[in-house]
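**Student:** Once you've looked at the hints, dock chains B, C and D with the ligands against the given chain A.
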Amino acid sequence: MRELTYTQAISEAIREEMDRDEAVFQIGEDIGPVRSRPSLWKQFMKNRAWQTPISESGFVGMSVGAAMTGLRPITVIMYCDFVGVCMDPIVNQAAKIHLMSGGQIKVPLVIRTPAGAGTREGGHHSGSLESWFVHSPGLKVVMPSDPYDAKGLMKSAIRDDGPVIYIQHRILHRLSKGQCPEGEWLVPLGKADVKRPGTDITVVGVSAGAMKALEAAEALAGQVSVEVVDPRTLVPLDVETILASVKKTGHLLVVHEAPRRGGVGAEIVRRVAEEGFGLLKKPPKVLGCVNTAMPYSPPLEDACLPQSSDIVKAIRQMLG
Amino acid sequence: MRELTYTQAISEAIREEMDRDEAVFQIGEDIGPVRSRPSLWKQFMKNRAWQTPISESGFVGMSVGAAMTGLRPITVIMYCDFVGVCMDPIVNQAAKIHLMSGGQIKVPLVIRTPAGAGTREGGHHSGSLESWFVHSPGLKVVMPSDPYDAKGLMKSAIRDDGPVIYIQHRILHRLSKGQCPEGEWLVPLGKADVKRPGTDITVVGVSAGAMKALEAAEALAGQVSVEVVDPRTLVPLDVETILASVKKTGHLLVVHEAPRRGGVGAEIVRRVAEEGFGLLKKPPKVLGCVNTAMPYSPPLEDACLPQSSDIVKAIRQMLG
Amino acid sequence: MSNQLGRRDFLRAAAVTGAAASLALAMPPSPKHLVELLRFMRKIRHFEERLTGLYQYESFLDKDDLAGDMYDFASKGIIAGAVHLYIGQEAVAVGVCAALRGDDFVTSSHRGHGHAIAKGAALGPMMAELMGRKTGYSKGCGGSMHIFSKELGLLGGNGIVGAQIPLATGAAFSAKYRGSKQVAVAFFGEGASNQGTFHEALHMAALWELPVVFVCENNLYAASTPAVISLATPNVAERASAYGMPGKIIDGQDVLAVHAAAAEAVQRARGGDGPTLLECKTYRFTGHAGAGKGQHNNPEELKTWLERDPIALFEKKLRDDGLMTAADQDALKRQVLAEVDEAVAFAKKSDFPTFDEMPVTADTDLLA
Amino acid sequence: MSNQLGRRDFLRAAAVTGAAASLALAMPPSPKHLVELLRFMRKIRHFEERLTGLYQYESFLDKDDLAGDMYDFASKGIIAGAVHLYIGQEAVAVGVCAALRGDDFVTSSHRGHGHAIAKGAALGPMMAELMGRKTGYSKGCGGSMHIFSKELGLLGGNGIVGAQIPLATGAAFSAKYRGSKQVAVAFFGEGASNQGTFHEALHMAALWELPVVFVCENNLYAASTPAVISLATPNVAERASAYGMPGKIIDGQDVLAVHAAAAEAVQRARGGDGPTLLECKTYRFTGHAGAGKGQHNNPEELKTWLERDPIALFEKKLRDDGLMTAADQDALKRQVLAEVDEAVAFAKKSDFPTFDEMPVTADTDLLA
Ligand SMILES: Cc1ncc(C[n+]2csc(CCOP(=O)(O)OP(=O)(O)O)c2C)c(N)n1
Ligand SMILES: Cc1ncc(C[n+]2csc(CCOP(=O)(O)OP(=O)(O)O)c2C)c(N)n1
Ligand SMILES: [Mg+2]
Ligand SMILES: [Mg+2]
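Protein chains in written order, with this note's numbering: chain A, 1 to 320; chain B, 1 to 320; chain C, 1 to 368; chain D, 1 to 368.
Treat the hints loosely; a few may be bogus.
Calculated lysine-lysine pairs in the DSS-like style (CA-CA distance at most 30 Å, straight line) [what the hints assert, rightly or not]:
#1 B:K313 - B:K177
#2 B:K281 - A:K281
#3 B:K248 - A:K281
#4 A:K247 - B:K247
#5 B:K191 - A:K282
#6 B:K281 - A:K248
#7 B:K247 - A:K281
#8 A:K247 - B:K281
#9 A:K195 - A:K281
#10 D:K248 - C:K248
#11 B:K106 - D:K181
#12 A:K313 - B:K247
#13 C:K134 - B:K313
#14 B:K282 - A:K281
#15 A:K313 - D:K134
#16 A:K248 - A:K191
#17 A:K177 - A:K195
#18 A:K106 - C:K150
#19 A:K247 - B:K248
#20 A:K282 - B:K282
#21 C:K32 - C:K333
#22 C:K76 - B:K313
#23 A:K282 - B:K248
#24 D:K76 - A:K177
#25 B:K313 - B:K282
#26 C:K348 - A:K106
#27 B:K247 - A:K282
Read the hints as simulated data drawn from the structure, not as lab findings.
Next comes chain A alone, as it looks inside the complex (with noise of 0.2 Å):
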């Protein structure tokens, strides 16, 4: 064991990948190292890491084309915030192609994409827009919460044969470390990981929202049994685990840092509610980011998103 970074953790993966795999290369603005325009081609020949200009929509849709026609590009949105201006290639063309096609054509593209708050960046760089992602059928959408799961999600999103987004978390990516095996492991898609186990009341956090939910069982252990459920995939949906989590402790609190109106905490209540109906003793809470663009200042940022703080109390409320 040693211990890795959750950037480290992600680098370790498309460098795995790209060895096992000449198909993989990675595409977006500002990923090096391609600095001098004669040698272009065949530094990216080696290097596999494309440069391009600020043209996301244009480089997307490029990507949905490298990967219908062989090729499984990793292709960056620099802040999720920035898929306003490409959401077309990425839900017109790459989550529908296999179907309109009637199944011939396959499009194995990863989008990688780092969002979330809590930099003080403001309201175009504190995004995290997962649910239009979960509610375009042909996307999966993975948000992995530490290094282990951000290295074994992302080498199994680029195995995968469809378009997958990778939502990575900014602030995880300085603060998540965690120990970790030598090697290469997967993380299947499609199963979710009970963090921290418990009895009394279940917390499905998502992306950084697991790391705050781990930080709230702790301030709460001893007192309150909180059972930590990180789905690490939106799409698939593992809702085995969380319905066994629920039918367990007959609580559910769902947080994310996505605004709660329309986020995937409702969609995880629809589940639940739908399909384990009776199991919850007291109503369900979504804690999301308050319904508001980012504002800038400190203290607003605080106030807006979901805190550990925020957390505890609402557990205390639910139980209480």
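**Tutor:** For chains B, C and D with the ligands alone, kept in the frame of chain A given last:
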């Protein structure tokens, strides 16, 4: 009273509001009647209909700039599916500028877009993307299901000082007719309408879902007493009316054409579960499109969309 | 690396019989090839004429409508949906595709029947797709705007104006990455040249010298919008210079002119010298959508363009050059009409797909 | 109609004291105005230098990182977030804004402090915004990238590269619609010229002859990406011809050259003759983000550009022309530094906004 079609009702609202306020104009593709260039600007000043090149992100962004500086654009996206090319000016600009400017700048913009399936136009012309907008704080979202609401809500949308997404349904364009008063009326944003009172089950029908729910209610008349609630606006959502209905019936079915996964049905279920826990006697249910791109073939399209017969079946199952 | 990748089976077409693509290597085309060009133009023409008959048109246009459907079509016929005809523009698809190899790639627009047929699509599965049958190219899941054929290198029509331009650019990127010497072509209208994707894709193609040919079919209208009020400058070709790319204006009614320009651009692409923008001046002879039954934009103007029917012009040339007689041409037309009959019969007797046959993978929670 | 609308109060600035905009009508500028140009350049320079000191930089760059943050900045200081400095480019903002009226509109980018100050923004509320205080231009809700001032016609910086180009075009549309004779300016980098929004907005501006000036600041880098690998042709100005619009290349280090070109373009716009694209060749003297503390793209190249510091060049000219002495210039610098001190003091003693003061309307279900 007189009969209006759904599109006549919308047209009337636009015409009246244009007469009322010279800052109101329409902009979009193929909205005529500007036909020849030399007299273009003059015609425009007369016509207030600005026919654009196929440049959605450009003209939506321009509409935002115009709305920030004193105009009240009604901007047309020809099919809801095409918003993939212009989400940025909608969700990052129009929706966020009020907050990001510290409340200084308002964006009184209506984005009007026909949505919906049922016309065998395949994967790129059948979408209903309201839940993307519901999840984008700063926007209001309107989806009328009949001519009376269509007119009254359009007028309220135009007079609103913030950005409003007005989603009209392409099947209702042709099928929906209704008795309407002469003259002008407003329907407030944020007020649901009980389209048919009942006591056994609450069916929340969104847009054409309301029409189909009424058909189903009629088919079940005498056997099951179905209450059909049309939220009319999804943001703000009139959750009180929904809760009051569920309190009476104890059963909740939500019907919309967007895919079930991550749709507004999930959001409505969340609100009811959080705020009306204990009111439901049985599991709630969401009927939406199957989680797939829309196939072209008529039997497949019919099978993927919720039909009024599916509503009847679901109601029987839920109560049975 | 590139060689190894190149040898993998990435949409490399098997021997595509009957494909216009098989004409590729003849430059200038041989007499036999010239007749094939004509045959392909007729295939497109008569295939689409038949669609008109199968489309049961209903108009919903309300002259005072400020708010409804911008397009005036609907059908309860055996062929439904938005069916955009290519009639009048045949010389472009055929001239360009005749310059391609079987394994080259094509992306297309909402108006894609002509490109598919010119790239070698058989009329039976085309017709079946339009009738929503499981024998269609896309198993009935695509429809008129989404005809794909992996083996023909047909990467689909597209319902999103301009989206096909980056897709073709990406296919060209892939060809270059793999060292496969394939070329990609994007077909699109002058309306699409106003989309951001046009700018972004052409620019990156030029920057990275990708093997792609951009074929703009300027038919003077984008739905109801005349080019004269939607293009700031009359020629789309001139936009190429913004990217340091060659741009050429071509008579899109002259199949040989199109073919010659395309052959040069394809050679340039295949040779590693980068992309070209071709603007083919052409005209659609029918309304925008509704399988030819909707209103035409400008019936007066149409009359003068009908005099430049690409099929009539080319037939005259073949007769003038003594390569075909009127009787030969009549026979060819009958052959094609019979092929269309067969295609209709094939499609009509094909089954509709069932819900369970939809090509979706189990792990995507279809019903969740 | 247009007159009536024009008379309404649509962001018409009140008399904007101290705004560079007040220089507008002097062409060629009077000696007094020239000194004001220098003052505005210094205001930008010293305001931003102070930001560097207030930003507590931490680097997270990992040389082997294939997967993390592309940008290397973070701060736990009194100023946080992504702070992009304008130092080195001051001549562009000041030269352009000096050609504007107080009620003209400006949209800006992520690198927007210079544009705001040049359009007349006071340093106190600027600094307060960057410290997230409620006395900031955007009440602390915007931050570095989102400084708005309705009365100055400042329609915001933008965190989305290229998004500001259609916004300015729309403001110009509005001015034309209302007959108000206002002009709009969009400031953006050469990197932004690769976005689809550039293409779409410039094209529509040309098509509709809108009163807008597009100011591309080509500082040779877009974050870590050199223009030499991201522009297919070296000059962004050449793209203007694709839209039939004039495009000009200007020495962006020479405030008078910028001002002259801008004055001409603004006059053209205001006169109803349509848009212009100006490409100002310039250079940023600091790293991309991190308030000047991040790594510079190319320290070697930077050295040669520092010799063309726009402030030093202009000061020398003013001395050479006998309009100012070194002592005058030193005094001016001190005045500006004192103004910056005041701004910092003002901001520091201002309160943070509270959650309840956030400018949201009750009907949007903030907490639902
Ligand atoms: C992004 C997008 N915007 C608008 C449309 C609606 N639309 C379909 S075809 C068309 C006109 C296209 O014109 P052009 O590109 O010239 O092609 P043509 O129809 O003339 O072949 C429009 C506006 C669309 N399908 N996609
Ligand atoms: C749509 C979008 N893509 C990417 C980014 C990330 N980003 C911020 S600034 C920048 C570089 C911009 O370069 P340029 O336009 O030349 O402006 P400069 O920074 O040189 O002033 C990038 C890529 C963004 N903010 N928005
Ligand atoms: Mg056209
Ligand atoms: Mg730059």
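**Student:** List in ascending order the numbers of the hints, as given earlier, that are violated by the structure.
**Tutor:** none
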